[in-house]
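Residue strings, one per chain:
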Amino acid sequence: MNLTLRIWRQTGPADKGRMVKYRVEDVSPDMSFLEMLDMLNERLTLDGDEPVAFDHDCREGICGMCSLMINGAAHGPERATTTCQLHMRHFADGDTIDIEPWRARAFPVVKDLVVDRTAFDKIIQAGGYISAATGTAPDAHAAPVPKADADAAFEAATCIGCGACVAACPNGSGMLFTAAKVTHLGLLPQGQPERRERVLNMVEAHDDAGFGGCTNTGECTAVCPKGIPLTAIGQLNRDFLKASTTSAR
Amino acid sequence: MDLATRRVTRSTVGKKAVMAVTGVAMVLFLLLHMLGNLKIFVGAEDFDHYAHWLRTIGMPVLPETWFLWIQRVGLLVAVIAHIWSATSLALRARAARPVKYAHRRPVKGSYAARTMRWGGVIIVLFVVYHILDLTTGHLNPVGDRAHPHANVVADFAPERWYVTLFYVLAVVALAFHLRHGVFSALRTLGQHTQSGERRARFFALAVAVVIAAGFLSVPIAVTTGVIQ
Ligand code: FES
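Order-wise, the sequence lines are chains P and D.
Read in this note's numbering, the first sequence has 7 at position 7, and its numbers run on one by one without any break.
Read in this note's numbering, the second sequence has 1080 at position 80, and its numbers run on one by one without any break.
It should be emphasised that the hints constitute simulated quantities derived from the structure, not laboratory data.
Don't take every hint at face value.
No more than 30 Å apart at the CA atoms, straight line, and that leaves these computed lysine-lysine pairs for DSSO-like [as the list claims (entries may be wrong)]: (1) K1100(D) with K21(P); (2) K147(P) with K21(P); (3) K1039(D) with K21(P); (4) K226(P) with K1108(D); (5) K242(P) with K226(P); (6) K122(P) with K1039(D); (7) K111(P) with K1100(D); (8) K1100(D) with K16(P); (9) K111(P) with K16(P); (10) K122(P) with K242(P); (11) K1100(D) with K226(P); (12) K111(P) with K122(P).
Only part of the chain P face toward chain D is listed, based on derived beta-carbon distances under 8 Å [to be verified]: (13) N201; (14) V203; (15) N216; (16) N237.
If you anchor each label on the Cβ, the simulated ranges turn out as follows [unchecked claim]: (17) Q192(P) with T1065(D): 24 to 34 Å; (18) Y129(P) with K1108(D): 26 to 36 Å; (19) R1010(D) with K16(P): 32 to 42 Å; (20) P144(P) with L1125(D): 53 to 63 Å; (21) W1066(D) with P144(P): 55 to 65 Å; (22) T4(P) with V1024(D): 43 to 53 Å.
We put the CB at the ideal spot given by N, CA and C, even for glycine.
Produce the entire structure from the sequences given, and follow the hints as far as they go.
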């Protein structure tokens, strides 16, 4: 298949940036979206042009590095799919595809389609950890966890921190990411010692990074490659209100 | 305010909580206001009597109209806090995405969720008009504070169709605002289960429909001559 791409090109943080048109020919429908971009980059390199910079690592949907706004949708048109797992068969011959970086003040563009997601690391540093020494994997029945809590914690733990929630949110909010971490750690016994401080500190780090506030619109869940549910944000709100109305021990 | 409180009200989640709590207070007021309006279907005298009774709530512990004023001050505080938190979050959201997307898929969220901010502005404008019309009487063709029934009937007379239209549009805007707002408030106040989400969304829709139906019934009944 033959495609027209319109890709955001920006030489560096100081550059204003612009959409640039490219033609790619003989794309196989079995290629992943990133392989299609690899093909374009090979040609650009051979032609002596600057290849398009984009983030990627595992290419199997688990690392959260790939991050493209494809035709206005974070990670493209397929539900619960990362860009690296998106196949070209979901597009038609002759399509024009717009490719942009995540847009958020907290995620400044480094180059072309690569954004700096350090803001997420800051949120994790503020509370996305436990202090209990857990040693090697304990016996499954050593610390009983109610099944519902274990399921909700696991569901939240599947967050790969890609930032699609921020990219899609009309408010540029990183609340789904923050909520996933708060839910994941807060529902398990090992996460209890820091539970109160965690939510307060992580929300503060989230706000300080310049993300917007959540309005429960649900765009984040719709694009999340891991399908983190919006209810996680309810869990965060609950923990936050509880933490702010009780005093520290 | 102590440091901890400031930390909470400064945060995006704290501001949402302020919006939720003040929103809930206003919804409760709206429900009572709507039920009171329905008195008009009982009769002119009953309606006027009800309106006068409002001034005497709390007597003799409170002097006449004191309850009404306490409630008005409470509502005003709620309105201001609601708008303050909404504005501050809206400005923050704007700042959070300085460079817009060249290509943006239409937001999936409901129409109600997308129009919260402009819907809110329409509602504020309407409330100002509504108070000048049916509370103070300045913009009412009759404006007789002793006989509210006459004011209402004059207000929605068929030849003043534009007033009725504005009223209807404002109530529809309110219904949309409530449909997302009530759900959002519940979520903000900690609703966090999947089955609870379905219930919360249904409840929000029910509140929106009931309030809209209740408020729309009066002007429509007057315009169509059911109430004279
Ligand atoms: S490259 Fe690792 S998730 Fe896409």
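Verification of the hints:
1. K1100(D) with K21(P): Distance of about 19 Å is within 30 Å: holds.
2. K147(P) with K21(P): violated, 51 Å
3. K1039(D) with K21(P): Violated, at about 66 Å.
4. K226(P) with K1108(D): holds, 18 Å
5. K242(P) with K226(P): Distance of about 28 Å is within 30 Å: holds.
6. K122(P) with K1039(D): violated, 57 Å
7. K111(P) with K1100(D): holds, 17 Å
8. K1100(D) with K16(P): holds, 13 Å
9. K111(P) with K16(P): The given pair, whose Cα atoms are some 11 Å apart, holds under the 30 Å limit.
10. K122(P) with K242(P): holds, 23 Å
11. K1100(D) with K226(P): At roughly 25 Å apart (the allowed maximum being 30 Å), K226(P) and K1100(D) satisfy the hint.
12. K111(P) with K122(P): Holds, at about 21 Å.
13. N201: violated, 10 Å
14. V203: Interface hint status for V203(P): holds (5 Å vs cutoff 8 Å).
15. N216: holds, 4 Å
16. N237: holds, 5 Å
17. Q192(P) with T1065(D): 24 to 34 Å: For Q192(P) and T1065(D) the Cβ distance comes to about 53 Å; the hint is violated.
18. Y129(P) with K1108(D): 26 to 36 Å: holds, 33 Å
19. R1010(D) with K16(P): 32 to 42 Å: Holds - the Cβ-Cβ distance for R1010(D) and K16(P), about 33 Å, lies within 32 to 42 Å.
20. P144(P) with L1125(D): 53 to 63 Å: holds, 57 Å
21. W1066(D) with P144(P): 55 to 65 Å: holds, 57 Å
22. T4(P) with V1024(D): 43 to 53 Å: Because 51 Å falls inside the window, the suggested range holds.
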